[in-house]
Structures are given as C-alpha cells and as structure tokens.
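Undergrad: Letter by letter, the chains look like this.
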Amino acid sequence: MAQTDHPDDPIATLEDVSVTYDDGTSFVLDGVSLHVERGEILGIVGESGSGKSMLASSLLDAVPDPGYLSGSITYRSDDETIDVLELGQSELRSLRWEEISMVFQGAMSSFNPTMRIRDHFIETIDAHDGNVQAGMDRARQLLADLYLDPDRVLESFPHELSGGMQQRALIALSLVLDPELLVMDEPTAALDLLMQQSILLLLRELQEKYELTMIFITHDLALVGALADRLAVMYAFDIVELAPKQQLLSNPSHPYTRALLNSTPNLQAPLAQMRPIEGQSPAPINVPSGCSYNPRCPLATEECRTTDPPMDAPAPEHSVACFYWEKAQYEIELNYATEQSGGDYS
Amino acid sequence: MTNYYLQRTARAILTIWVVITATFGMIRLLPGGPLAQLEAKLLRQGVPAGQVDAMLQTYQNVHPDKPIEVQYIDYVVALLQGDLGTSISRNKPVMSIIADALPWTIFVMVTATFLIFAIAIVWGALMAYREGGSFDLFSSAASIVLSSIPFYVIGIALIIVFGYQLELLPTGYRSTSGIDPESGLLVFFLDALDHAYLPILSMVLAGVGLQALAMRGNAIQVLGADYVRVARLRGLPDRRVAVRYVARNAILPMYTGFLTLIGFNLGGSVILEEVFNYNGIGYYMFLGLDNRDYPLMMGIFLIITTALVISVYVADLTYGLIDPRITTGESNETY
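Order-wise, the sequence lines are chains A and B.
Letter by letter, the first sequence follows residues 1 to 346 of the working numbering.
Letter by letter, the second sequence follows residues 1001 to 1335 of the working numbering.
Incorrect hints may have been included.
Here are the computed distance ranges between Cβ atoms for each label pair [to be verified]:
no. : chain 1 : residue 1 : chain 2 : residue 2 : range
1   : A       : GLU98     : B       : PRO1253   : 34 to 40 Å
2   : A       : SER162    : B       : VAL1153   : 21 to 27 Å
3   : B       : THR1318   : A       : ASP78     : 49 to 55 Å
Covered stretches of chain B (chain A as the covering partner; in silico rule of three or more C-beta atoms under 8 Å from a C-beta of chain A) [to be verified]:
no. : region
4   : 1145 to 1153
5   : 1244 to 1256
6   : 1320 to 1326
It should be emphasised that the hints constitute simulated quantities derived from the structure, not laboratory data.
Note that CB positions come from ideal geometry on N, CA and C, so glycine has one too.
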C-alpha cells in the first residue's frame, strides 16, 4: 500500500504492519503503513475493536501473546535508525520507556496496588541504569508540571489518589526517562469530561516543554480533534484515511470518515440529522474481501468487493483508501456546515 | 482505626468468655455426667459420703453447696489463674497435662501449616506461569486428588510404608522412651524430628493441594493484570516483577487463610495424634472422651478454642499492616 505523504523527519515509520492470531487466520491489524513525524501529535480514531490498541502495542513490539507481529517498524532517534522488530530482548528493554513510552488504558490498574508511587518511579529508573537522584528530580518536575503535589503523590499508594491524579501520575511515570515518542491508548477513557479537558491541556503543555512526539489513540473524535495536528481514521484493523486535522474535518474523503463525522454529536448539527452507521464493523476472522467497508458503504461497487483500494491523495498530505473519494465528497453530505468545519473541534 | 482495634479485641475476649461460660454450664447440666458417675462409683466402693464430696470438690472446682454465682466466679477466677481442674483419669492437674502436650502439637501443626503454604505458593505460582501447559494440567489433577484424600488415610498409608515396610521411621509416639532433653539437646531434637516427619507429611500432603490451587488462581489473575504488563514494558527485571508484583499481590489474599488454618489445624490434631499415638493435646482430648474425663476434655477444648480465636484476632489486626489498601480493616474481617 503506497503512502502518499512523505514527512521530512519521521520519528517512526510503519510499513505493512500486521498482527495475527490463531496461526494467521485472524487479523487484528491488517497491513498498516504510517509515518509519525517528529514533534507532531497524531490522533488515531476508531471504534472499539478496530485495532487501535494493537497499533499502539505494536509500536513497542508488545503485542499480547500469542499474537504474531509482522511487517517493519523503524524508529529514528537523533543519530540512529532502529528496526524495532529486529531488536533482541535487552535492546528492546532499553528502547521501551527510554525512547518510546506508553500510557495505557485505565491508569487505575496500571500501578501495583501494594507499592507507593515513589517506588514505581525508582524501580523504573533503576531498571534502566539511570541516576536515581537525577531521575527523581525529573519526576518531581514532571509531577509539578502536571499540577500535582510531588511530595504527596510520591508518598501515596495508588488507591489513595483519585482517577485523574492517577492518570497524571502515570503520564509522569511514562515520561520519567525522557522518551522521544509517547503513545497514549485511551488515556482519558475513565475520566469525567472536565478532567479529560484538563488532561488535554496538560498534554499540550508537556508536548511543547519536552519536545515530545505523541500518538493519541481514542474512540472520541471530538476529544482528539482538540489536540491533534494530524488525524488517522481506523476501520477494520487498517487506517482508511489520514490527513492534517483541518483537512480531515473540512474535507473528509472516505465514506466511513464522513459517516463517522455524521454520527458524532456536534453543536452545529441538529440532533435530528445525526445518523448512525448501518450494520456493524467486521470481526477479525472474516474481514470482507476488497474494501473492508464495502458491505456498509452506499457507494460500493463490484470493484470495491474484489479489490482492496490503494491509498489515493485528494490533497497533499491527505491520503485515503477509497476508489470513489471524489464521489463520496459530494454524495455523502456532512450534517455540519462545511465552511465552519472543525470549528467546535479545535 | 483505634475503634476498630478495640472492637476486635473486645470481640475476641467476648468469644473466649462465652466458651468459658458454656463449659461451666455444660459440666453442670449434662445429666449422668462424669461427676454423678464418679460419685456413684466411689459410693459403691464404700467410700464415706463426706470424703466423696471433698474429692469431687477438688475436681473441676465444683462446690455444689455454694450458690451458683459464687461457683461461677470461683470457676472463672480459677481459670484465670491457670487452674483447669484435675483430670479424673490421669489424676493430675489438667493444666500440667496441657503444658506437657501443647508444645508438641504446636510444633507439628505450625510446621505443617508453614510447609503447606511455602510449597503451595511456589507450586501454585509455577502452575500459573505455565498455565495450560502439561505441568499445569498434571499439577492441577494431582492437587485435586491429594486434597480429596483425608489426612488420616494418608497418615495410615505412610505408617504402613515408612514404618512397617521400610522401617525407616517410627510408627508412633512423640519420642523414643528414655530420650529426653537430658540426653543431649541435639539427640532429643533429632529424635523428636524423627517422630514428627510422618504426622507433618500427612498433613502437608492432604493440605497442600487446595492451597496450591488457590495460589494458582490468584497468580493467574495477577499475571493478567495491567500493572504486570506495564511493569514488564517499563523494563523491570523478571525477578522483580515475579517477586514484587506477582508474588506479593497473589499471596496477600492467602494470609488470613494461613493464620486461621493454624488455628483449625490445632483443633484438627485429635484424629492425627490418635493415628500416630502422638502425645499432643489432641491425643489427650481423645483420651478424655474415651474415659468421660470431662475436666480434661473441657480444658483442651478451651485451649483449642482460644487458639482459634487468637489466630483470627491476629489475622484481623495484622492484615492492615501487610496490605496498604486496608487501613481500617473493616472490609476485611476474617469472621
């Protein structure tokens, strides 16, 4: 699958990355190709079971057993290029957290319930042979940047912190070794709306202060729209559309993206015009042949049923996997006014 | 928090008091009880009635002529002073019989319970790490088979094999006659150990299966937890993940079970010590039952109950110390 955007300085490049279970019979990630540009915030949107979390785990070569990860993932630090899937155990151990770090879904269950937050930081620094004193100073700074009281939080057990505090402490923990790339998998899913918003603001501040590259994975289009520079839409274990945020929101070109936007609650659109997407997304064992969206797509033709559409480029840096993206742009109307597009998202 | 400790302490004391009072009531209410039987026996032997009364009063502190509340107070005061009455069949103070027998029972049962948990924790954790493999399948089957055989059946089988056929270990008694601490501490200790192997082994074989399965379940649950996955991704050494993450969180729920099992096993020593002719408190309990020796039975009954109450009490008080999530302890009462 050809990738149409070519960023100048990709920090991570995925080529045809697949994750299979059951000896290759079920795909939970199906040939994903993606560039992540240094310093950007890339939002990845998809519904439950579309392969978002698998994509995140793949970046750290941490697919849960017995999944099999294939393809190529290249990570470029300042001076060297690393083929992630070729690394041995110890190299992988130092790549994770030092270069690429991750915040998981559910901060509440990411800390050992019988250990103080401080020990989580210390053991992480220790395991990577870091200087504990310097590392803890950095941890305190990070916690303070996240508007937490470092002394109180470090001395606490996980259950003594609220959900939002745990989430922020987990973000601090993921940044303690000064990684370049931070992958966040639904980091705000368990939080209330106000806390979600304040975490987003904090992430933006952190990204600027520490020159981070972020991948933000969520099912919540409105949420990531406020934060991301570029947006990728996943459907049935693959990316179907990828574009800068404004471009994607004002000119969505994949029928699924357009349907998804129409189904999302929106201030500009009357409630009556909200449209659910008919049908349901496919299970990993029987993804439709051709374009995986064809059974639900109003524009589907025989070609869609037999051939997997390659990435096409409606605009520079905008890629979409659809034969009929031009037709989709005028045949599937958006229920929010195009000229104001993205207004409430950004 | 203080309130909680006070409450648990009060409850423990109350439980023991209820048991004491119940024994006081039972010994007087049981018709045709040991005292009536003894009295009749003595009178038939031609002992003068006055002398019979005097003898009876020395047993179990019974003074039938005093008002009931005075008797009760005398009884409780005597108990608090460690006077449990005099054994009818052995003609010795019950307290001295218990003092002689209890250390042996504690030695066997506490060692057995420790071994049960030590083995179960390692075995269960190994099963969990190899979940679904042939080791796991075989071990699970073996644990179920082992825990479905009663310990006394295992005990008898062990006596036949190791005692009579191989003649490796003694078939009963807690020590060889003639060997006591004066024969040298090491000799005495090794001899005691020789006699304790089989009772301990039968308790361990019968008890380890269930605990191993419990540990296996706990460990599988913890292994699947997000924090273990995150810990591995953070690059922590496997050893640290195994000890601080998996083991610690999987063992915690077993702690209360461990302490209460010590208490239960002390009570369960009756059959074990009968099988092995092991002169611990269980052995004397059986002796008391056999001879209708109520003071002896009641004394040992009190000791066993007190041991159980104390083990539950200790479990309640200390759980908060080992699990940081339990600070008030209120959500974690053992009973």
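Undergrad: Confirm or reject each hint.
TA: Here's how the hints hold up against the structure:
1. GLU98/A to PRO1253/B: 34 to 40 Å: holds (35 Å)
2. SER162/A to VAL1153/B: 21 to 27 Å: violated (55 Å)
3. THR1318/B to ASP78/A: 49 to 55 Å: holds (53 Å)
4. 1145 to 1153: Not satisfied, violated; 0 residues make the cut.
5. 1244 to 1256: holds (count 5)
6. 1320 to 1326: Check passed, 3 qualifying residues.
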